[in-house]
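Using the sequences and the hints given, assemble the complete structure.
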Amino acid sequence: MRLRVEKLVASVSGKLVLRGVDLELGPREINLLMGPNGAGKTTLLRVVAGVGSYVIHGGRVLLDGEDVSGLPPHERARKGIGIAHQLPPRVSVKARYFLERLRKIHGFEGDVESYARALGIDHLLDRDLFHGFSGGEAKKFEVLTLVVQKPRVALLDEPDSGVDIEGVRAIARIVEELRSHGSSILIVTHGGAIARFLPRIDVVHVMVRGRIVCSGDPSILERVVSEGYSALAKVSSSA
Amino acid sequence: MLKELAWRALTKASPYGPDIDLGKVAASVIGESRTVASHISSAPREALSSAKELGLDLESSPATYLQVDRGDVYTAVSRRLAELGVMVMSIEEAAAKLPWVEKYLWRAILVDSDKYTAFTELFGRHGYFIYVPRGTRVREPISACLYIHRPGTAQLVHNIVVVEEGAELNLVTACWAMPTRALHIGVSEFYVGKGARLTFTMVHRWREGVDVRPRAAAIVEDGGEFVNYYVHLGSARSLQMFPTAILRGSNARAYLTSIVSARSSSTLDIGGRVIIEGVDSRGEVASRALVADSSRVWLRGELVAKNVGRGHIDCKALKLSSESLAEAIPSIRSLVKEAMLTHEAAIGTISRDEVEYLMSKGFSENEATSIIVRGFLEIGIENMPSRLRNYIDRTLDQVARAATL
Ligand SMILES: Nc1ncnc2c1ncn2[C@@H]1O[C@H](COP(=O)(O)OP(=O)(O)O)[C@@H](O)[C@H]1O
Ligand SMILES: [Mg+2]
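Residue numbers (numbering that gives the first Met the number 0), protein chains in the order written: chain A, 0 to 238; chain B, 0 to 404.
Since the hints were derived computationally from the structure, they do not count as laboratory data.
We put the CB at the ideal spot given by N, CA and C, even for glycine.
Be aware that one or more of the hints could be misleading.
[Unchecked claim] Straight-line Cα separation of at most 25 Å, DSS-like style, residue types lysine-lysine; simulated pairs:
1) A:Lys78 / A:Lys6
2) A:Lys93 / B:Lys336
3) B:Lys23 / B:Lys2
4) B:Lys102 / A:Lys93
5) B:Lys193 / B:Lys102
6) A:Lys149 / A:Lys103
[Unchecked claim] Distance windows between CB atoms, simulated:
7) B:Gly134 / A:Phe107: 42 to 48 Å
8) A:Met0 / B:Ser320: 44 to 50 Å
9) B:Ser330 / A:Arg102: 39 to 45 Å
10) B:Arg400 / A:Gly119: 33 to 39 Å
What follows is the structure, given as structure tokens:
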């Protein structure tokens, strides 16, 4: 397994958010993570990436079998865990300068600007990061950082929320390119808008109240969209 | 007349910055007469190599001025620039050789502005005279360095830079000190002719016991442009400066930018003033200060509109310690109806969210801090020659690295 999350239990501000999460992501797979608002999807991604002020009560995160649970976020990123944040903070640094530094630490030799053009965000490069970016622009920029990082595991937190159709298509194309170059991809999505543009989805996981309640083939996506999460939650808890 | 005014101003304190007792300093400079003037190739190796550390290769510069302590001056002007009529020499030499130089002395700055200008008139030695004739555009940077080598030196210089109508000069100056105890006063008067352009980049690296009092003013004629780009790298015990750009002509421009890093127990009082006299002239005062340890920093900005024009002040401080003090004091004053003057000021610190975001992308905490600091220091200036831009970029990289060590 590329990424294995084992029995992860975590809380934030005294509130238990992850209640024993198990999840596996295979090499060159694209998995979706779905679940109602507040289920803990963002928390899971952030805990895997090592960011945030979460208290970890138990469990492990393994990257290609190596336990990275104790590592600070930058070391996890250097080892190949990349995260596209749902809500990146404003950072007072020019986007171009940031990307230049990012390219250096990750040894990226491609043409960052052409990817920025493909995502329709090349006009943002001379601005400070996320200062006055629209929601969609921030998502696209986060995807651009993954291109430069070429991570072993790419975690994308709602890359298709608030993004126009053309944008979702461009993001999907880049996600597929990352996958074809060897990244494993975990995407948090609500309506599954991005799924329509991806040639293949391997597994869909559903998280409810801090647990993965079911993992299976892409037909789950259809069921979630038509029936909602409650049906799935019942099925899995009675199983 | 000048001397008399100076004598009378010898006890006149500056309104800003800690006061310095010049009485003790005077004793050290009276009666001293040593002077050397020669080609840059005979300059002390150690002065040339420390200039290199500040990014300036004086021997390969198309024109250069180096002054060591008070009396030793080394210069060079490439044949090409000499043929164009570009001059670089000591102000003492210029005043002796060229009678017309006198009309530029104390015209942009009053000799009795304060005790520091007065003291320089009475006890100063040298300073550079740089002249670019009408219509001559010199894009490649010319360098001037003022270096203090001997402990206790009072380096008091009077610089004059004249950029005639339609000419251009990109002047890069570096000032630094080896000893831990010294005084530097630099009086600089800039004359920017019609449609002329002067970028004046000044990099300072001092030591803990050095007091620094630059006194600078520019007079800018119609359509002229004056860019003052100041970077303070090292600690000084105290630094106070408040350069003034007088936009005498119409459609003139001035950008006064200061980027300072304050560490240990430094007191820095910096900023700039733009006086809009000509119609449709524009000025900007921008300051960035990194405020660390127990340093204290005042960022001043002043715009005075005596005619229709525009101006903006932008002062920002990034506090890196809680013992330090930062204060921003922007001031705007309009004497006419149609001027548009604005200001913004901010004092903040590095937010945890920013650092964490960068860490999630693979930067260590130190790298993240230095990226944020570097981003904070960036002030875009248009139309800088690329070699100068690169030089400034490298210098700011140094500031950012040093601030996060
Ligand atoms: N910093 C925080 N402080 C308090 N509660 C938080 C914090 N972060 C997340 N939570 C709570 O944890 C739960 C899970 O949040 P999150 O992981 O963002 O959910 P999802 O991404 O699935 O919508 C929510 O109830 C949310 O309000
Ligand atoms: Mg979320």
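- What hint numbers does the structure not satisfy? Numbers 2 and 4, in rising order.
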